[in-house]
Each structure stands twice: as C-alpha cells, then as structure tokens.
Amino acid sequence: MREVTYVEALMEAFTEEMRRDDKVFHLCGNHGPLAALIPEFGEERVRACPISEEAYVGAGIGAAGSGFRPIISPGMMTFAFTAMDQIVNQMAKIHYMFGGQAAFPLVFRASTGGGRSAAAQHSQSPHPMFMNLAGLKLIMPSTPYDAKGLMKSAIRDNNPVVFFEDQILAASPTKQEIPDEEYTVPIGVADVKRHGSDVTVIAISKMVSQALAAAEELAGQGIDVEVVDPRTLVPMDVPALRASVQKTGRVVIVDEACLTCSAAAEISALITEDPATFRALKAPPKRVCSPDVPIPYSPIMEQFCLPDKDNVIQGIREVLG
Amino acid sequence: MREVTYVEALMEAFTEEMRRDDKVFHLCGNHGPLAALIPEFGEERVRACPISEEAYVGAGIGAAGSGFRPIISPGMMTFAFTAMDQIVNQMAKIHYMFGGQAAFPLVFRASTGGGRSAAAQHSQSPHPMFMNLAGLKLIMPSTPYDAKGLMKSAIRDNNPVVFFEDQILAASPTKQEIPDEEYTVPIGVADVKRHGSDVTVIAISKMVSQALAAAEELAGQGIDVEVVDPRTLVPMDVPALRASVQKTGRVVIVDEACLTCSAAAEISALITEDPATFRALKAPPKRVCSPDVPIPYSPIMEQFCLPDKDNVIQGIREVLG
Amino acid sequence: MALEPGQLLDMYRTMVTIRTFDRRAADELHAGNIPGAVHSYIGQEAVAVGVCSALRREDRITSTHRGHGHTIAKGADIKFMMAELFGRSNGYCHGKGGSMHIADFSVGMLGANGIVGAGLPLATGAALAAQMEGGGGVAVSFFGDGASNEGSFHGSLNLASIWKLPVLYVCENNRWASGNSAAATQSVEDISVRAVSYNLPGVTVDGTDVLAVYEAAEQAVRRARNGEGPTLVECKTYRWRLHAEQRNDPPDPRPQEEIDLGPQHDPIATFAGHLTQQGVATEESLKQIDGEVAAAVDEAIDFAKASPFPKPEDALTDVFAP
Amino acid sequence: MALEPGQLLDMYRTMVTIRTFDRRAADELHAGNIPGAVHSYIGQEAVAVGVCSALRREDRITSTHRGHGHTIAKGADIKFMMAELFGRSNGYCHGKGGSMHIADFSVGMLGANGIVGAGLPLATGAALAAQMEGGGGVAVSFFGDGASNEGSFHGSLNLASIWKLPVLYVCENNRWASGNSAAATQSVEDISVRAVSYNLPGVTVDGTDVLAVYEAAEQAVRRARNGEGPTLVECKTYRWRLHAEQRNDPPDPRPQEEIDLGPQHDPIATFAGHLTQQGVATEESLKQIDGEVAAAVDEAIDFAKASPFPKPEDALTDVFAP
Ligand SMILES: Cc1ncc(C[n+]2csc(CCOP(=O)(O)OP(=O)(O)O)c2C)c(N)n1
Ligand SMILES: Cc1ncc(C[n+]2csc(CCOP(=O)(O)OP(=O)(O)O)c2C)c(N)n1
Ligand SMILES: [Mg+2]
Ligand SMILES: [Mg+2]
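Protein chains in written order, with my numbering: chain A, 1 to 321; chain B, 1001 to 1321; chain C, 2001 to 2322; chain D, 3001 to 3322.
Fair warning: there could be bad hints in the mix.
To be verified - Here are the simulated lysine-lysine pairs, DSS-like style, with alpha carbons at most 30 Å apart:
| # | chain 1 | residue 1 | chain 2 | residue 2 |
| --- | --- | --- | --- | --- |
| 1 | C | Lys2311 | C | Lys2079 |
| 2 | B | Lys1282 | A | Lys247 |
| 3 | B | Lys1309 | C | Lys2079 |
Simulated from the structure, these hints should not be mistaken for lab results. Bear in mind that the values here come from a model prediction, so they are computed numbers and not experimental data.
Please take these sequences and the hints and turn them into a complete structure.
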C-alpha cells in the first residue's frame, strides 16, 4: 500500500495506461502536472495546445475515430464551453448518428466546482448539463482511490467519457492509501462510503467529504448516517441508491451544482418515481445544493453558496423531522 | 379577435415592440420570416450575420450592455452551441459578476425539439441545460397566444431571456385567436390549460398539445385530467404546480427533453420535496420524457423517442394505479 | 502525376453518379419517400471528385451537411447511402443518421456533418492520427465558404500549421451560405488569402474544372505526405439547386440571373468535352457510362425501397459502444 | 494629434499608477489579504495607457483576465478597484467579481474577463451600439497573443469588417499564453498579419513605447470615428511577473534570460527618459508624481481594508436586474 494525493493517483493511472497502450495520448491546454509524463512518453504523446479548445477537442474526437485514445484536458470546464459544440454535437452524438460503425474512445477531463475565490467564470459545477446530454459517460470521483481506478476504466472504455475533477480535490495535499498492485474501479457502480441505518446521504464528488464529516458529527448524537457516493453519474447505479433509501426511508442528496436541474434533482426523481422506494420514504427527499446564482468571488459569499457539513446536517435534521 | 399562427404571433410581438422602442433590433443567422420586418425597420435593425454564432451572440451581449435591446436568433439551438461560451460565461453571469452595475436586456431565441426527421444534430431539447445555468430566464411557450405575450414581456425584461420555440410549433399552420388589443403574458406564471380533478399533467411546450389530447381521450373514459403549462421554466411558477398536485394527488410530467436531468426531473423534485405536496401524493410522480439517446433520423425510431399522447395516457394510467 | 485514361473515366463516372444520385434523391424526397431534408451537391461535383482522386482509400475525409458528393467520391456504396436516406435499417447508419450524417469509415469517410464548420477539427484530428501512425496518410476537410467564418476554421488551421499536420482544408466557395450571400457576410473575396494567418499555402482554383481541382489537391497531398504540413485549397463553384430540398421548398433567395449562370459552367459537360477532345472517350462511350450510372442509381433506389425499416426500439441501441 | 504636456504627464502618472497598483496588489495577495489570483499587468503599461489616451470617456473597452491596467487607464477609481480585490461590499462589483471581473460601466470599462478571447465579441457589440447610436463613439477590445487563436477572434474581426464597425482590436503580444510560448502555439510571428483575413488594416508597434502605441491607436480611432471600420493593432510587449500571482506560486516556465530582458525595455523608464529629454518634466517632478501615486495606492489599500465585507446572503442578490 502507498499513500497518494488525488493528482498523484491520476498521474499513476495515466502512466500505467500509456505504458499499456501506445494509442493513449494527451491533448491539453497547458502541460501542468502532465509535464511529468514527457520524459518517458515524449512531447508527441503529451501535447500542449493553443487556446483553441474547439479545435483541439474536435481534433481529439477525430483522432479517436481514427484509432487513437486521446485524453483531452482543457483545464477548467468553464473554459471548455468554448468547445461545447464539439462536445454536444460530435462527441456525444456521432457514435450513435453513424449507427455505431465507429468507436470514439476518449477521455475528456476538466476541473469543476468552486471554493477558490475564483468567481463565476472559474467556479461552476455544470455536470447536470452533461447528464442531460445523451451519449456521454460521466464520472466524478471523490477520492484518490476512485480517481485512479475510474480513470483507468475511462481510458479503456470505448466511448467518450467525461471525467470531472473537483478543483479543490485536485489541489488537495490529502493522501489516501491505494494498493501497490494494479486495480480498476468499474464505471457505473456506486460506493457506500459509510454504512448507516437512519438516513441515506447521497453525495457527489467533493460533497462526499462534507457528508462524511456530517455523519461523524451526528454519530456522536446517536444518528446513524449512510453515505452513498454514486461515483459515476452516467450510467447511474440506480439500484444501489434505491436500496439504501429503501433501507433508511430517508434521503438527503448533496450536490454542489446549482439547485435547478441538478444531479440532485435527477436522483430525487429516480428515488421517488420507483414505487417500492416511494412507499419506503418516511419523509420528503431533501436536496442540498448551491443556490441558483453564478458563484461569487468574495469568500464570505462563496462559502454561503457551496454546500458544506452544516448544510448537510441541517438537511438531515429536516428529513428526520 | 384575430387568428394567428405561432410564427405570426411572434412577428406581431416583434413589430409592436420595435415600434415601441427603437433600441430593439435583431441579430439573426438567416433572415427567414424576419425579412418581413425590413421594409418598416430597415436592414440595420434586422441584421443577418455570418455563420459565427460566438461572435454575433457575444456582440448582442455587448450591445445590450451598451444600451440596446437585441433579439438574437441563431436558428436552431443545436447550432448555437458554437456560442455556448458566450451564453454560459457572459450572458448568464456578467450582470451578477459585475455586481449588478449594468443591465443586459436581450432575448436569445432558438428552436428546439424534434419531430422533423432531422437527426440528432438538428433535434434536441436542451432546455434543462439552461435551467441548470443560473442567470438566465427561460421561456417555452406552447401556443400562439402565449408566444406573443411572453415575447413582448421578454423583450421588455431587463435581463437575458432565453426563448425556446419548438420547431414543430414554429412550423405549424395551426391558428389561435388572440385579442386585437395589445396584451402581454407575465414571465413566471404558469397556466392551467385544462382543469381537472383526478390527475395533474404538467407539460412543456409542444407536449401541452399531447397532454390535452390525452386528457380529451381519457375524459371519455371518466378520467378528469388537469393540464398545467409552466410556460416559463425559469423562474418556475412552483406554487401553481404544487397547488394542482395537492388538489389531484397524482402527477405526470411530460417533457420532450432526454429523461436524465430533464425539466421533468426538476419538477418532480420540486413536487416531492415540499412536505405538504409530498403528503398529498397518492402515487409516485411519473416522468414521460425522451429516452437518453441522441434523437434518431428515421421517423419510426424518432416517433418512438418523442413523447406523445399515448405515452401520456400510459403515464396517467400508471399513476392512477 | 498524370492521370491514366481509366482514372479519367472513373472520375467522369463518379461525377455523373453524384449528379444522378442527388437528382434522384431530391425526386424521392419530393415524392415523400425520403424524410427530412436533402442538400444537393449538384454543380459542385468537380470538387469532391478532383480532391478524392488524389487520395488513397486509407486517407480520411470529413464532410458537411452537403455530403453525398464527398461520400460517393470517397468510394462509398450508393445502395447503402440510398437506404440511409430512406431511413432503413441497412443504411450506413441503420437509419439513425440520414442524409446529413452518412458515414462509411471503411473507406475513410468520417461522416457528413450537420453543424457548419464542425468537420474541420475532426479532420485535423484524423491528420494528427495519420501523423502519429507514420504511414504517410492524409486527411481532408471539405467545408463551405460560410464555414470559413466559424471559429473552428481558425483554430484548426492554426493547430495544423504548428504541428505540420498532413491535412487539406478544401473550401467549396459557392458564394452562398443558405440565405446569406458571401458578399454580405464574408470580409474577403478569396477565402484562400486566409492561409496567410496560419503561415501555410493557400490556393484558389476553378472548382468547376475537375482537373484543376485534382492538380491542386495532388500537390497539396504530396506536400502533406512529405511532412510539409497543411494547405488551404479554395474551389470556386456554384450550387445549382436550392440550399436544401424540403417538403415545402422555400423560394431561392439568389438572383435568377446568377442561378442561370451555374449550368453554363457545368463541371460534367466541361470534363466530358475535355475527355472527347483528348480522345479518352467518345460521346457514345460517355453516354454508355451515363446509362450505367442511371441503372446503378435505379438499383440503389430499388434496394432502398426493398430494405427493412428499423424497429422503433432500435432507437435505444448504439448509444454506447461495447 | 500632438499631445499636450499635461496629457503626457497624465499618461506617465497612469502608467505609474498601474505598476504601483499591481505591485501592491500582489503584495497584499501574498500577505493573505486578497483571495483568489491576481494577473499582474506590470511591463505592459504602455499598451493600456497608449490606447486609452486616444479614447474619450464615452468610448467603451473590454478587457481580459489581466485587466487592472485597462481599468485604470480608462479612468476607474483605484479605491473601488482595490476594495473589489479585497472582496468588500463597496468594491466595483460588491465583491462578486474580484480581480478578474472588475468593471466600471460609468467610464466605459465593460469588464475584465476570465475567459480568454471572450471580450472580442463583446467589444464588437459595443462598437455596433456606437455605430447605431451615431455619436462617433468607438470600442476597443484588449486581448493577448494567446487569445488570437480563439474562434471569437476570427468571428469578431470578420463581423466588424463587413459592418465597418468602429472598433480597435488591440493584441498585447507578450509571447506567452500562461505556460505556452507563442513560438510553440502560434503559427505566425506577427499577429497583425491576420488582418489580411478580414480585409482590414493591421499594424505592429513597440508595445513598450507608449507614444508609439498612442500614435497607432489614435490613427485607428480616427479611422473608426470616420466610419472607415476596424483596425487590428498588435503591441509587442512583455509581462514581467508570473502569469498569475497565487497563494502558492508555481515556477515561471519562461527562460530566465528572457525574463531578465523585460525590465531592459521598461515602458515607464523609457517614457520618463523621453519626458525629461523633451523638457516636459524633470526627474524631480516625476519623482513627485511617483510619490503622489504611492500615496494614492496606499489610500486605496487603506480604503479597501476599512471597507465592509458583504453579508453571506448578499450572494443571492444581483442575479436578475429589476
Ligand atoms: C453552426 C451552424 N450554424 C448554422 C447552421 C445552419 N446552416 C446549415 S447549412 C448553412 C449554410 C452553410 O454555408 P456554407 O458553409 O457556405 O455551405 P453550403 O451550404 O454553401 O454548401 C447554415 C447557415 C448550421 N447547420 N450550423
Ligand atoms: C477559453 C479559455 N481557455 C483557457 C483559459 C486559461 N487561461 C487563462 S489566461 C491564459 C493565457 C492567456 O494568454 P494571452 O491571451 O496571451 O494573455 P496573457 O495572459 O499573456 O496576458 C489561459 C490559457 C481561459 N481562461 N479561457
Ligand atoms: Mg456556401
Ligand atoms: Mg500572452
């Protein structure tokens, strides 16, 4: 076992998969940490691109359709809206539109989330937009272990996979133990990060740590919280989410996205539209999300917007009635 | 009273508002029906643009911030993803980011929806993406009357308003009576398109007609369906939706968007998270949406994807148990 | 590289195939047999054929909403194309794509495209793949004059230039972008001057002269295979028919005198004249080809009509690759 | 148009204000008083000041992530700027925008911008507004060399050209786009050559020479006010400090010899030399200005520090205008 940070875990995934398959290469906005791959793999497989996201994201799709497996890293997702047409109309649709005749294996990774006083254009959690866009898989890992294992699965997947790395997690020095031997984490399988019986908290990405902190605090007060991390938003592990809620009868969904049409909205709908789960509910499902505002700069206001442990606790108290 | 089509209704709104306020002008991808405005208002106020959506959508925002009230019409929303960065990072955010010091009054109108065998790149219902993006109002009218009245309100609003016109409705020769005298329809107010007591059907845009057809058919079988049209998705008239569901105890939500993170997901969450409405529910809320696929070309498959009267009836039967 | 008589006749046959295919497709659309819309390539045949004649089967192309010509010129089978237009399950895309999304990856045809300008980045990526493969492959992006105002044009040409990618950017300048004239929306007369912005060669050729197009393409392809990078090739041409054939055709916004000029520079008639003058063909031998093509298109239509429709729930497959 | 001594001294004062503001802002950031990141304009002062000296107050500009210089040069109040950086409720954006989104619409400063290239379309729209208003107003978009590879550059210049909009596109070519060198990502050495693609004039000037910048801007502004359309003005310059000051500064990816060259072409020292040589100022009178500026920046920092923080729930206001 070794201890690695979130970024180190991702770098291990890249190194291992680039060794395994010489079709894997990077297109990125800036080298950043990827520069460490250049000595072993060369600049040809770790390409820094001009600020033309539309062109190089599209080039990645074209290369994927021509037998390669690009990993495309424009940096923050907010910037990459400049490439949104290629994502919406090509990346998500062409495998289907072409009747499945060609695969487009690629990973599109970008950072999302707030918390660094970077204001609205550098702080957004737009994953729900991508959930509504059929044709992409979507992964948002909350831990180094999951990040590495899911990145390896994403690189091996024969489809476009969107991989959103929370910008706070990605910058975090926090380490986690991971196995020395190779492992992968399957796409589409949720993980119960904490078992509990009183209430289910479904939390996404950075929100998992807030949910666990809330659970810890409430454990001292005799409230037993189960924390479920979907890890993959498309495909969503619906049976796992429903099973937990059927067990506890209460659910709080924690999502950093703006409330309206959030992943939390979808999860809420998935829970309540299932007759068995609906019947098991002892209280209305509760969403804990950011309000519907562009994320502000000043830390005081920003912290007010982003859900934290206290918001989770308040949500739990509400569903406990 | 006169009878007008959907497009005629919009054209009346444009004419009236352009006469009323000489700051109102058009930036469009192609003149199309807007050409009819040129004789009265001149080409300077009805501008056809090069195929550079990012540039002219952004120019519209810049003109709005400089005292004008542009109506920006790139055509189909699918094309306009080429301008998504300007929409996400400028249109939706800059009023807020700048601390409210300047208003950006503009209407961004585009067609959405499927049903014309135009395949995935010309058939999409991406309104949920825009609901998740804080900072934009969002209107999707279902009738000529609403289209005219809401367009007039949108043009007068001091904010960026996204106005999505279903491509089938926009091409439809169906006429509706509208008043001879001037009227507006307020933004943010739902409309009960049919009163009923057994089940609430909340339907958006083109889906309203499917819901009404289903209601008609079921009326013959003694099932009394209420059809509620939110008309505006942001802001959403939440009290009106909850009131109807509290009355009937059952709800079907019909949305042409792909299921995951649809407007229907949001509406479902809004209904179930409210304790009073939750308690009033006699059955799980039901979503009737398109499946999570890029919309296919061949009519047989396309019709299978788009919700219709029969899907609505099936949904109603499900919630009636 | 001089073209053999057999190649010249193949080029003629392909041009006639494109024209016949598109004329018949429009007829079938107006007869109610093809849903949606069809963007006819008639008048522009020399571009697709001139360029694709300079390519190998393994070379890759990306196309536009007006993609039938490129697809045929790259070697796709018109039976499966027609079946796709008819929305049948044995069309190239199993009825999921239709006219605007015909693709045949087996011949390097990476898809027609409904989004103006979107094919340029894709071809740039195909060229990157070819460069990394190291087999001397090239990629071509076909696009219109209107598309040259999209950001994707700009970013793609810059990217291809700095990486010296083996790619041809072939602009079919037919002077109109649906309802908008180039005169009103384009800041330059010749798109090829834009090559200067990316430090790469730009040429303008008569896009109704298939041999001129071939020459320019052949030279650019040679450059690309030699690792010398991309070229912008502008072909001046004209679209004879409406922007799109639809159930209810709108009026053509172009001046009638201008429309009338199109057939006066008929790429097929011009090439036929050349072939007979050079003794490569006789009027009779060309007629025979015309007849064979007509029969082949008939056959494609029969094939399409006899093909099965997809099942409704086939809509749910092909979202993700296995 | 010859500049009066008073104007020249104002320009000097503004340049020194920009430098002092940015140096002190970086210090305050590293001291933990300013959250987020700050992109310093130091080394590029001559561009903002040269261009804005050719503008009127009603003229409108759009800016970049590196926007302090433009904001100061356009006449904003450094007190409210500093308060914004400090995240206080009386900053220009009430703490909602921060360094990257400072705006002061009352002086025609339409906002710094965190998205590379996004300001070009906005300025194009401001120019369209000016044209429609008919008052002879102009708009300016400042942007970097890196931004010139974005699609928004391409579409904006084409649009401005066909409509002959009164706009200046001012490219500050500092040869780096965060970690990427122009040499590696830019297909042309001089961005100004790209003007050819839009049939408009492109000029390159020494961006460390405020008078050269002023001359070029003044000519382009005159052209614009006369209805002759847009100009692309490239200013060759250099950024002295890191791409962005952050809590944990990453290493500077640029070669040290190159970095060392920056201050050898100090725009302020150059201009000071000119002013004293021409007898417009003495070393003492300039020192006095420097002192006054230092005091003003001190005052701005004191103002910012004494300013109230927003209330948490202020986050919920200003989403929609009344
Ligand atoms: C991004 C985008 N914008 C607008 C459209 C609508 N549209 C379809 S074809 C077309 C004209 C294209 O003109 P050009 O590139 O010259 O090609 P041509 O039709 O002349 O072959 C337009 C505007 C689109 N499909 N995609
Ligand atoms: C669309 C977009 N892509 C990437 C970024 C990240 N980014 C911020 S500044 C910058 C470099 C900009 O270079 P340039 O335009 O030359 O301006 P400079 O920083 O040199 O002033 C980059 C890549 C961004 N903010 N927006
Ligand atoms: Mg054209
Ligand atoms: Mg730069």
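Hint by hint, here is what the structure shows:
Restraint check for Lys2311 (chain C) and Lys2079 (chain C): satisfied, since their Cα atoms lie roughly 20 Å apart, inside the 30 Å limit. A distance of roughly 21 Å separates the Cα atoms of Lys1282 (chain B) and Lys247 (chain A); the hinted pair therefore holds under the 30 Å criterion. With a CA separation close to 36 Å, the supplied pair Lys1309 (chain B) and Lys2079 (chain C) exceeds the 30 Å bound.
In the structure shown, a violation is registered for the earlier hint numbered 3 alone.
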